[in-house]
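Peer 1: Fit chain W to the supplied structure of chain H, relying on the hints for placement.
There are 2 protein chains.
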Amino acid sequence: MNTPLQKLLENCYDDLLGDLSGKVADYIPELSKSDPKRFGISLTTLDGHIYDIGDSQFPFTIQSISKAFVFSMALENLGSNHVESVIGVEPSGEAFNAIRLTADNRPFNPMVNAGAIACTGLIVATEGKKAFDKIHETLSRFAGRKLGVDEEVYRSESLTGDRNRAIAWLLRNYSRLPENVDLVLDVYFKQCSILVTSHDLSVMAATLANSGINPVTGEQIISPYVVARTLSVMTSSGMYDYAGQWLYKVGMPAKSGVGGGIIASLPATLGLGTYSPNLDSYGNSVRGIRVCEKISSYLNLHVLSQKTDIKTCILADYGLSGISSRRSRRHEEVNILQDHHDEVRIIELIGALTFATMDYVSRAVITSSANLKYLILDLRRVSGITDAAKILLNSLQNDVEHNGIYIIFSGRTISSDDLNHIASKNTLLKNLNFRILDEAIEWVEDDIIKRYAELLNPNELVSLSEQFLLAGFTDKEIETISGLCIERNYKSGEQILFAGDSSKSFYFLLLGKVSVRLRSGIRLSSLSAGMSFGEMALLENLRSADVWADTDVRCLELTLHAYNNFTKAFPECGEKLMKNGALLLSQRLRMANAKVDILSSSN
Amino acid sequence: MNTPLQKLLENCYDDLLGDLSGKVADYIPELSKSDPKRFGISLTTLDGHIYDIGDSQFPFTIQSISKAFVFSMALENLGSNHVESVIGVEPSGEAFNAIRLTADNRPFNPMVNAGAIACTGLIVATEGKKAFDKIHETLSRFAGRKLGVDEEVYRSESLTGDRNRAIAWLLRNYSRLPENVDLVLDVYFKQCSILVTSHDLSVMAATLANSGINPVTGEQIISPYVVARTLSVMTSSGMYDYAGQWLYKVGMPAKSGVGGGIIASLPATLGLGTYSPNLDSYGNSVRGIRVCEKISSYLNLHVLSQKTDIKTCILADYGLSGISSRRSRRHEEVNILQDHHDEVRIIELIGALTFATMDYVSRAVITSSANLKYLILDLRRVSGITDAAKILLNSLQNDVEHNGIYIIFSGRTISSDDLNHIASKNTLLKNLNFRILDEAIEWVEDDIIKRYAELLNPNELVSLSEQFLLAGFTDKEIETISGLCIERNYKSGEQILFAGDSSKSFYFLLLGKVSVRLRSGIRLSSLSAGMSFGEMALLENLRSADVWADTDVRCLELTLHAYNNFTKAFPECGEKLMKNGALLLSQRLRMANAKVDILSSSN
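Order-wise, the sequence lines are chains H and W.
All the letters of the first sequence, read from the start, carry residue numbers 1 to 603 under this note's numbering.
All the letters of the second sequence, read from the start, carry residue numbers 1001 to 1603 under this note's numbering.
Don't read these hints as lab results, they were simulated from the structure.
All clues given are correct.
Result set (EDC-like, lysine to aspartate or glutamate): computed pairs, CA atoms no more than 16 Å apart in a straight line:
(1) W:Lys1476 with W:Glu1466
(2) W:Lys1311 with H:Asp47
(3) W:Lys1294 with H:Asp387
(4) H:Lys311 with W:Asp1047
(5) W:Lys1146 with W:Asp1133
Below, a sample of chain H positions facing chain W; criterion: calculated Cβ distance under 10 Å:
(6) Met234
(7) Arg326
(8) Glu348
(9) Thr386
(10) Leu518
(11) Leu599
Note that CB positions come from ideal geometry on N, CA and C, so glycine has one too.
For reference, chain H alone in the conformation it holds in the complex (with noise of 0.2 Å):
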């Protein structure tokens, strides 16, 4: 099978494929010999996802497309401020190629040519000689791979490229070049000839769609701040005196190139780049332009029409009542726990955390009961937190300590470097991050407790009258299994019991803690002194999980060989015990299809 936009996209391409109207550029001897039948489509997903149709892999110079990029790495490598007061960002109304400044003697955008080659200028005055390489190492990574450069065309360009030279000596006029007019000349004539594919553009324009970050390699190549400022010249003067219109028609934020070349960048959607040369009497490729409205239109895609729904980043919010972690606690501890489950509240958080759904998910914390004490937030399934959702978040966690309730995150380390908005940082932090929720309710339940309860002494054996699963045996059946056990001692970190092994015996735990985990890590259960384990070998013939001491540990094993020949004599306690166990079992249960239910309501 094919993905449906697999099969759109091809559909676009045979619609357009016998369209050769226009024609290739000429004013550069070299790129008169394009191929007219040339085409290519490539669209980038945000996940990283290419698809590729028709002569997506062939090579041509990207030309004026390098225009953006350049300007986004000079913002990011200079700051906003230097390259701000020597370039503009109002559309001029004039044709690329224009000598015309602002009254203030800047060119009136980057997406000029004066503007191009006055950005080219800037990374020039700080690089020197190795200023192309440093563009040409910065696009590579934009693409993803080490692009090439077509020498042939760099000499046609810098043989015919006077008109540029006049526009780079009026820069100079003005000191908006470095001394070097040449050297800027030379790197802004070679960045123009640098080999890209559909392919290539598409990951291009998808990396600008994608907050900065390259979707294929997963590197970070400019920031959020930087993008924004990128496509808005791309929006305001990409399209050149079509501006307007392209983005009331089209709706993505877009440049081209006389090679034949255009991106399409929709933000937080898709990356587009297409290769077909026959040009427009604008310069546009005939054919790219045609690509990106017709997708625009077909699939109503717009950077202005987006649809979003912040409350489903609250993937579950509930308390302790009902639900707890995974730890089994003993009786007394259970009824502390459910005596104060209004002191809890745990929200479990999903996707992007933005500014919207973090002004959402504050309105919903605040709205907590007056007897909260412990707010756990779990992001576990956050993929990523903007700047503005930083600074809500850090705000909130002031408000909520400063209220003296603990603030606790679990799935997801918050370091300081997520906050680094923020001067005063939280001293907590650093102790209330947990890996999974489970630990962090834990946690909490084991701070609760702390508070409410004499603490239990952690080194005070448990008697095997005090068991949970021998409630209600008599002293002398107590007597007599005790006479039947062997005592077992392990280490804090030993394995006890191994899932697949046959079940042959079960302990009863008088000192310490274990864990039961699947093969996968995931705990099931931890268990305390007073509970049992194994006793699944009473149900089943094999082991079904691993037993660990997560601390060193004393119990009492007793083989299924010595307890049937025990309820032989006390026909009694067979069923005293399996009661026991079908209680535990059925309170378990609960506690799951509980919290199943939780995770599976929508809001």
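Peer 2: Below, chain W alone, put in the same frame as chain H:
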């Protein structure tokens, strides 16, 4: 506690409160009476929460802000072709009240007076004398309340509006206005005199940010297509010849009015409304502009800076291995399902289904195993489906079904309306929509069992000896129990047990089906003949759930009193029965834990 955003807006308000630079509009005598100290800031979120600071309830005239909404109304009611034939969409590069048209004698765009008057003319041409009422009603729907009109300002506008009269007659000269020019002007003056507050403006702006749906009332006022076009002209022409810089720096489509109001609309994020009557030399509210600038720069909000993570749209993706519906099934049926677990794939989706997420889902789907026969898409947490997503979804569905795979929807009815772009609608759709996922899974299980097993006669009695809970009992034991039971019959739909009742007996199901449900309606399990219910009576004193007859039911009731007598006579039977019960509980617990782990894992 206040939310972080509340504080941030209050800080912004405090910072700007003392800034009384600029001056109130004086071209209309009435406007010059405004109090320059008035200052209101309102922000409406896309879930309909409104933050109000300062004079957010103080009414003032909407003036030029009406242009954006009347344009959207014309597009919505008259269609884009008609509107675009009369009005352009390029920035004019001139003052808003310029008497100049494009080469083909159209106003440059709907944000200058000429374009706005032409737009009002379009409404007058179709609505005649009802034109103002229609405009008034539409703007009121954008605001979510019936707006007033300032009759004084209206008269003042009319008395002093000679330049607009000149523009109107010029338009009439080129047949861009209907005959009744005086009526058009009257409607135009009156529409500018509609009274709003910053609170209203923020709701109106949020409606544009929310795909045309008023986030407070929930009403769809205009289509997403029209939203995108309205925001486009606001972006390219809303802030006059400052548009390039405004987009670059602030990045929020905006529109101001000389009454002192400003709207800013950040798609998928927020709507902002401000009021402060002092204007700068462009005619924009000084403090309103600063509010937009501050919020944008402090939070790094920008329409072209968007963060998303398409991968989180798939909340869970799993098969039938280790998972089932909450219908308990007999051993043979469970075996069939486990043998064919790879015929089923369940994908639970979350959030707004968009172009990007639907493409991601479709790529996940086409990687399915060759054995796939049933694809369940759970949409319970899907908040909306864009046009693009509908197109891709329909194409995917056709393809999947073409490959002989059932596609099944749960949690949200996928109607023909959802797929209204497509001519050939699928006839299966109606049948394969389930209210909840569990029902969809149950249907698939039934279908698999039907295909691979001789369907067991649903009218066949399952005898006591075949009861799961009595496995391993001897004939004599069965016979004895049989003598202790009382036969009970229930009609389909009848309630058998009630949560909260004291539990004095349990039941063996001989014929038919029952469901165990919480008061909330959540199904804990469904049981077929051969299973028992109410057996928690052996562990607990009170019924914890309701039990309903799903079909006509025949069962045997065994009181605890009789059971206890029985186990005294047959001591080993207590353990056997309790062990069978524990086995059942452990199977259900394993299933529930597997589901929790699936729903809790991040992708």
